[in-house]
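Start from the sequences and build out the full structure, keeping to the hints where you can.
Chains as they are written, first to last, in our numbering: chain A, 937 to 1203; chain B, 23 to 156.
It is worth saying that the hints were derived from the structure and are not from the lab.
Only a predicted model underlies this, so the values are computations on that prediction, with no experimental measurement involved.
We put the beta carbon where it would ideally sit given N, CA and C, even for glycine.
It is possible that part of the hints are untrue.
Incomplete in silico selection of chain A near chain B, CB under 8 Å [as the list claims (entries may be wrong)]:
id: 1; residue: A1041
id: 2; residue: E1045
id: 3; residue: L1111
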Amino acid sequence: MAQSAKAADAAGPEQRTQSTGVYVYGLVPEDVEVSSDARGVGDESGEIRLVRHGKIAALVSDVPLDRALGTPDDLFRHEALLDATAAEVPVLPLRFGAVMTNAEAVVDELLTPHHDEFHSALEELEGRAEYVVKGRYVEQTLFREVLREFPEAARLREEIKGQPEELTRDARIQLGELVNQAVAAKREADTQTLVEAVAPLAVFTVVREPSHEQDAAHLAVLMETDRQGELEEVMNEFADRWADRVEMRLLGPLAPYDFITARTAQE
Amino acid sequence: MTVQPASGGVASGPSPSGLADVIDTILDKGLVIDAYVRVSLVGIELLTIDARIVVASVDTYLRFAEAVNRTDLSESGGTGLPDLMKDVSQGQISGKSKDVAQGVLEAAGEKLSDFVGDSSEKETRSRRHDREER
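Structure below.
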């Protein structure tokens, strides 16, 4: 069982002292290769390598333990590696910050006991990746819509206008609450419209929490990467239909961050 | 690598995936290693960015109210709202008030961008990760 870890694709001696750990990015099929320019998290940004066991492998790099992880560079590298991987092969992304003692521990404690579970999840992900659809309301259009559709908001706006700020706090809170409800209702309706539009393409869809107050929609879609063109067409249709109202963005292919947690929770 | 489709129309510009996108995506999603590994975990300090948005707070309401108050109705193509008439009829004053509105808009714009864009600087703080206590 304790098959020794092979530092495949990584030349050079493995240095292991107590000041270094093995950062784990995600799990992939055994038969993949890592491009040599991939850089890991941490100041030293260790070389990315594969620790293999059976039909699966972990994407890892050595990481010094003397400083906290989580700088913007660390976050970007973690995601960039996983997303570049997801564009080519199935990958199970780990949450940011997973560090183990050494490569043997990765084999003995992570890969060996959970081999079949990880392997079947990877098979299920074959040919699929995550795409994130984001819509952000155009501010002026959004609030004009709200003022048109909610006369009470327009009335409060008039009431506040020209008054000193200290006298209008209650009215402003009341106005803001009304606007918040109106925006939430619009978001729900527009999100639903998008969910229905991508449903024919999607294996699964997750509605993400809004990442901004003026978000119109925030979806994660798991789908066949072969159908990316069809998704782009759908997005372009909405970009036209909602021109000057919602700015649409499409991110992907990404590692299936939004679909792995739910999967394992079911098991 | 996060790729934005080059087909145009969807994204407003060829902006790369920003930090906010990355934070949304990797900080609280993906397999949690603690669920699989107990012994060989290394407790490393994680800088965490609290990018959670508390929707429906008083701050949110005040920000919305501010944004609505600076919304320019004059381009809305006639909504029958009273101030629309005022703005049109009082040409000289609206020129003056435009400058004022401009100032407000810029100030508020800064606040909004702080809210999302600079979260890394403003809200980054270090905390010991719980798993260290294992």
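Results for each hint:
no.: 1; hint: A1041; result: holds (3 Å)
no.: 2; hint: E1045; result: holds (5 Å)
no.: 3; hint: L1111; result: holds (4 Å)
When the structure is compared with the earlier hints, no violation turns up for any of them.
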